[in-house]
Amino acid sequence: MIDDMVTKATTVANYNRRLSMLTIFLASVAFLIVTTAIAAFIYVSRKEKILRKFHLISVMIIIIIELAFLIAIFICCITQIRSTLGSILAIFLILISLFALMILIYFLLEDVIKDRIGPYPNNLNPYKSYEVHETKSESPIPVCADEKATTIADGNEIKSFPRIPTPPTPIMTPQPPSEKILTPSLSQDIFLFPQESPFIVDFDKVRRDLLAAIEERTIPALEEAIQQVKDHNYLHRLKYECERALELLNRLMKIEHMKIRVLRLNQSTIAELHSYTKPPDEVYTVMRATFLLLGHTDKEIQDWTQIQNLLGRLGKDSVRRRCYELSPLNILVDKAHEAKDILRNYDLIRVSEISIGLAAFYSWAVTMIEEREKLLESQRKIEC
-14 MIDDMVTKAT TVANYNRRLS MLTIFLASVA FLIVTTAIAA FIYVSRKEKI LRKFHLISVM
46 IIIIIELAFL IAIFICCITQ IRSTLGSILA IFLILISLFA LMILIYFLLE DVIKDRIGPY
106 PNNLNPYKSY EVHETKSESP IPVCADEKAT TIADGNEIKS FPRIPTPPTP IMTPQPPSEK
166 ILTPSLSQDI FLFPQESPFI VDFDKVRRDL LAAIEERTIP ALEEAIQQVK DHNYLHRLKY
226 ECERALELLN RLMKIEHMKI RVLRLNQSTI AELHSYTKPP DEVYTVMRAT FLLLGHTDKE
286 IQDWTQIQNL LGRLGKDSVR RRCYELSPLN ILVDKAHEAK DILRNYDLIR VSEISIGLAA
346 FYSWAVTMIE EREKLLESQR KIEC
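Each residue of the sequence shown is one higher than the one before, counting from -14 in this note's numbering.
Keep in mind that the hints were calculated from the coordinates and are not lab data. A few of these clues could be false.
[What the hints assert, rightly or not] In the BS3-like style, the derived pairs of lysine-lysine whose C-alpha atoms are separated by at most 27 angstroms in a straight line are: (1) Lys244 x Lys359; (2) Lys301 x Lys284; (3) Lys301 x Lys244; (4) Lys263 x Lys38; (5) Lys325 x Lys284; (6) Lys190 x Lys244; (7) Lys224 x Lys359; (8) Lys325 x Lys38; (9) Lys215 x Lys239; (10) Lys263 x Lys325; (11) Lys320 x Lys239; (12) Lys320 x Lys284; (13) Lys325 x Lys359; (14) Lys320 x Lys244; (15) Lys263 x Lys215; (16) Lys190 x Lys215; (17) Lys284 x Lys263; (18) Lys325 x Lys224.
Predicted model, so just to flag it, every value in this text is computed and none were measured.
Please put together the full structure from these sequences, using the hints given.
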């Protein structure tokens, strides 16, 4: 009887020991997998420069929770006082590990997709889009003028394009003089003196309207001029002018999109930026660049209190209204260069972590700086 009890106790002890070893092994493997995945996530995020502070804090919390569960499992299994509790904790640890892996995959996909797509996906664009398709034609192809030859400011310098070839005048064989004077028929008069075709007039008018729309730099004028080119099927003959118009139209629509984002900011968002007593560097730098583009001098925005006063203005003098009404043509070149210089160490992801409103001002400033630089480059090409 005693031997049976001893054998039974030994069997139970061996079973508990093996169960404890298996529990510790599974828990350790789960912890190592999660730790390795977190290390890989941090490495990839830092290498691609897309690591966010919130994600870093989250993975650190996951590591602490996993480590606490692993220590509790070791204590329960080694002491063999509560081996059942150790098994339950191991099951919870495995479930937490699976959940942590899914969170890491979500964080990585979120960062990569946000970095690849950027802040302005194409499907948010409310305006039309056009595409120029080049087709083969047997008609004479005009020589495309380059940007040096085409000056938008003066419409008189536009070179005429080849006209449609007209039938040649028939060579009349000299006839001996006759007594009867022949009067040419109406059909011969029309043949000898061809009238100007309305096709040519339409082409010149469409080209002038397209160049005038490029000079006007407004979205409705460009859309109407491009649609007119498509309606008359001049995409091939006006390929160069259409490419210029489409490029300008895309730039203007991007600027308009940025302006609307700033204009639609809530007053509470502006008040949040205004409420900082000691703002982060991102807030001070982005708002300083914004007011530089709006025409303020360095002395007027040297201190944060001065920027706060400008942020507190309402009505027509509010920063939202001024950003919406500002044209890139009215931005001084030196102000654009200075604003670009102070924003060079910041990016949209870093600014977005501070405030959504601050991200809108940052995107607006970057877009306006890019457009001012392109205008300056075009002006230099025309002058050369």
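Hints, verified against the model:
1. Lys244 x Lys359: 18 angstroms, holds
2. Lys301 x Lys284: 23 angstroms, holds
3. Lys301 x Lys244: Distance ~15 angstroms between Lys301 and Lys244 Cα, so the pair holds.
4. Lys263 x Lys38: Between Lys263 and Lys38 the Cα gap is close to 21 angstroms, so the pair holds against 27 angstroms.
5. Lys325 x Lys284: Roughly 18 angstroms between the alpha carbons, so the hint for Lys325 and Lys284 holds.
6. Lys190 x Lys244: Violated: Lys190 and Lys244 sit about 33 angstroms apart, past 27 angstroms.
7. Lys224 x Lys359: 21 angstroms, holds
8. Lys325 x Lys38: Distance ~25 angstroms between Lys325 and Lys38 Cα, so the pair holds.
9. Lys215 x Lys239: OK: Lys215 and Lys239 at ~23 angstroms, within 27 angstroms.
10. Lys263 x Lys325: The given pair, whose Cα atoms are some 23 angstroms apart, holds under the 27 angstroms limit.
11. Lys320 x Lys239: 21 angstroms, holds
12. Lys320 x Lys284: 13 angstroms, holds
13. Lys325 x Lys359: 14 angstroms, holds
14. Lys320 x Lys244: 19 angstroms, holds
15. Lys263 x Lys215: Roughly 56 angstroms between the alpha carbons, so the hint for Lys263 and Lys215 is violated.
16. Lys190 x Lys215: 14 angstroms, holds
17. Lys284 x Lys263: 19 angstroms, holds
18. Lys325 x Lys224: Given pair Lys325, Lys224 is violated - Cα atoms ~34 angstroms apart, limit 27 angstroms.
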